[in-house]
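Asker: In case you want the letters, here they are:
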Amino acid sequence: MIEIKNAVKTYGAGDSATSALKGVSLTIKDGEFTVLLGASGSGKSTLLHIASGLERPDEGSVEYDGMDITALGDKLLTAFRREKVGFIFQQYYLLPGLDVDKNVKMGAQLAGNRDYRKIIEDVGLGDKLHKLPSELSGGEQQRASIARALAKRPKVLFLDEPTGALDEETGRQVLDYISALQKELGFSVVMVTHNANIAEMANTVVRMNSGRIIETAVNERQKSAYEIGW
Amino acid sequence: MIIRPKDTVKLFGVLIMCACAVLICTLFLNSNIDLARIKDQIHGPEMMMIYDLTVSSGNMTCAVTGGALGLTTVVMLLFYVKHYIDAHKSELGILKALGYSNFEIAREFWVFGLSVFTGTAIGFGLAYAFMPMFYRVQRNDAALPEVAIHFNPILVLYLIVLPTILFSALAILYSYRKLKRPALELVRGSKATKVRKAKPAKKGGADVPFLRELKRNILMSRFSLVFFIWFASFCYAATVIMSFSLKEVGGSEMMAAMMAGIGIVLAITTLFLAATTVISGNAKTIAMLRVFGYSDRECAGAILSGYRPVTYIGFALGTLYQHGLMKLMMALFFDNSVLGLPEYEFDVGVFFIALASFVVIYELFMLVYAGRLRRVPLKEIMLEE
Ligand SMILES: Nc1ncnc2c1ncn2[C@@H]1O[C@H](COP(=O)(O)OP(=O)(O)O)[C@@H](O)[C@H]1O
Ligand SMILES: [Mg+2]
Chain A
1 MIEIKNAVKT
11 YGAGDSATSA
21 LKGVSLTIKD
31 GEFTVLLGAS
41 GSGKSTLLHI
51 ASGLERPDEG
61 SVEYDGMDIT
71 ALGDKLLTAF
81 RREKVGFIFQ
91 QYYLLPGLDV
101 DKNVKMGAQL
111 AGNRDYRKII
121 EDVGLGDKLH
131 KLPSELSGGE
141 QQRASIARAL
151 AKRPKVLFLD
161 EPTGALDEET
171 GRQVLDYISA
181 LQKELGFSVV
191 MVTHNANIAE
201 MANTVVRMNS
211 GRIIETAVNE
221 RQKSAYEIGW
Chain B
1001 MIIRPKDTVK
1011 LFGVLIMCAC
1021 AVLICTLFLN
1031 SNIDLARIKD
1041 QIHGPEMMMI
1051 YDLTVSSGNM
1061 TCAVTGGALG
1071 LTTVVMLLFY
1081 VKHYIDAHKS
1091 ELGILKALGY
1101 SNFEIAREFW
1111 VFGLSVFTGT
1121 AIGFGLAYAF
1131 MPMFYRVQRN
1141 DAALPEVAIH
1151 FNPILVLYLI
1161 VLPTILFSAL
1171 AILYSYRKLK
1181 RPALELVRGS
1191 KATKVRKAKP
1201 AKKGGADVPF
1211 LRELKRNILM
1221 SRFSLVFFIW
1231 FASFCYAATV
1241 IMSFSLKEVG
1251 GSEMMAAMMA
1261 GIGIVLAITT
1271 LFLAATTVIS
1281 GNAKTIAMLR
1291 VFGYSDRECA
1301 GAILSGYRPV
1311 TYIGFALGTL
1321 YQHGLMKLMM
1331 ALFFDNSVLG
1341 LPEYEFDVGV
1351 FFIALASFVV
1361 IYELFMLVYA
1371 GRLRRVPLKE
1381 IMLEE
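For the record, the sequence lines run as chains A and B. In this text, residue positions in the first sequence follow my numbering: the first is 1, and each later residue adds one. In this text, residue positions in the second sequence follow my numbering: the first is 1001, and each later residue adds one.
Heads up, some of the hints might be wrong.
Partial list, computed: chain B residues near chain A (C-beta under 10 Å) [unchecked claim]:
| # | residue |
| --- | --- |
| 1 | Phe1210 |
| 2 | Glu1213 |
| 3 | Thr1285 |
| 4 | Arg1290 |
| 5 | Ser1295 |
| 6 | Asp1347 |
| 7 | Val1348 |
| 8 | Ile1381 |
| 9 | Met1382 |
Read the hints as simulated data drawn from the structure, not as lab findings. We put the beta carbon where it would ideally sit given N, CA and C, even for glycine.
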């Protein structure tokens, strides 16, 4: 369980200060699919970064099963990310000089995962093992980054607009992979999006507006990637 | 004007190389030209030999430093131009799309020659500042008649004007070649960058540790950096050890100190340039490693430590190079039966002093840059694009 308590984050100082989070509290249960929904600039990414230990809040705490990660030093925070979390970004951020196999191995190595090639098969890139990211389409790159994140066997998978750069067809495919793998492996998912349709795939939808949570809703039934609008 | 002189400020590596080369060449060439004016005052075979020796060792020093530094400057300048084009791909692509011809854009790259102009001019000025001392020491060492310092304008042409023109032309030609790509490919930028692909491991690819593969890939993907780092250690070994060797065989203290000083400055400049580029060129990779939870030590290991063997190979080759050069010089110029100079021998003690000091400098660099690596900002990098 992740408990974020009263997180505040401000960038810059003086006149140019931007208040990205103005006191946000949120609880994410194990194994859930949570979506952070809101317009651009509403603080979704900042909340994601703080929840995942990429950044520290100015105020407030982030507890994983009672352990406050905001109190950890850089070394321990890195070790925490290594053990617990996986990331998927809109821009994929695959390592440009390495092929799919090695990019996924980057994640696998952290968990001592030796049969990571199965995950590459699972996301449908079995025949693209030795292709460089620049030789792949956007959807394939995102699937490689999913494989990379899952090969490290995270307890929580954080996704920041994973389909933001993809067309509808490919976007649905990518979301479908993620939800299928979540059902199979049982990790929690926290996904940022500004697309309200995608939010219908979640258990919990957290709406944000200018640095605050304005509504937390629970979906009766999670829709599949092929049932939602786009 | 698309490239402002400000953009070339980063070329201080080129500037320092040029300044060093021109400093040395101006000193020796000016002295040689002035010596030629008093050639008719030289009498007797022994004096004649000393005279020839002074002139030819001066010429050789110029050829060696000028050649080595000139070549490095070429590599460095092209490296910067390539970097500039990579970093400004989309702007250059838009200019092309608007209808500017390749040559019209490439023409602007002459500005990169300015750094060569500044460097050579500084070196030239410094040389004249040192000239009185240089003449005094050289005459004392070689027991030649007093020579007055003349300003020889021909050197301005050879050491400042021509190099500037040459390097400007080189920058234009090179950028012209680089710009010969479809405008759209340039505008789209990152997608089109060519990435050198490491050969896929044959067997058991899944078992090779990831960090080792990354290390190899980072090393292979930027050959110019391998060259620079190799050159830094090569240069350091060759010049520092040679400065001791020269003193040993009766060369002047001043020449020895000058040589060692230049070697050290060059090595540090090159190392600095290389290390900065390694970090900035791999910023995204470093950020992703850290996001995923690789420790600082693992990052530094993968990004920086691949260059270590290159460095030590460079050092060994630099040592051999100076040894060969000394042997050659002794055989060509010195007739021990006449002058009774001590023989040149390889000095193991000096080698270890040079090696130890280099290890300290290199490892300090790596330590500082491992610290830099730790401070690569995660969030800023993820906000890009
Ligand atoms: N590193 C930063 N420096 C300055 N301002 C930032 C930084 N990161 C985010 N912001 C600002 O904080 C606000 C929230 O940003 P973000 O969390 O990225 O929103 P979202 O992901 O919902 O679009 C925005 O106004 C953004 O400009
Ligand atoms: Mg965002």
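Asker: Hint by hint, say whether it matches the structure.
Answerer: Structure-based check of all given hints:
1. Phe1210: Constraint on Phe1210 (chain B) satisfied, holds at 4 Å.
2. Glu1213: 5 Å, holds
3. Thr1285: 5 Å, holds
4. Arg1290: 7 Å, holds
5. Ser1295: 6 Å, holds
6. Asp1347: The hint is violated - Asp1347 (chain B) has no Cβ within 10 Å of chain A, the shortest such distance being about 43 Å.
7. Val1348: 41 Å, violated
8. Ile1381: Since the shortest Cβ distance to chain A is 9 Å, the answer is holds.
9. Met1382: Because about 7 Å separates Met1382 (chain B) from the closest Cβ in chain A, which is inside the 10 Å limit, the hint holds.
Checked against the numbered hints given earlier, the structure breaks hints 6 and 7 and satisfies all the rest.
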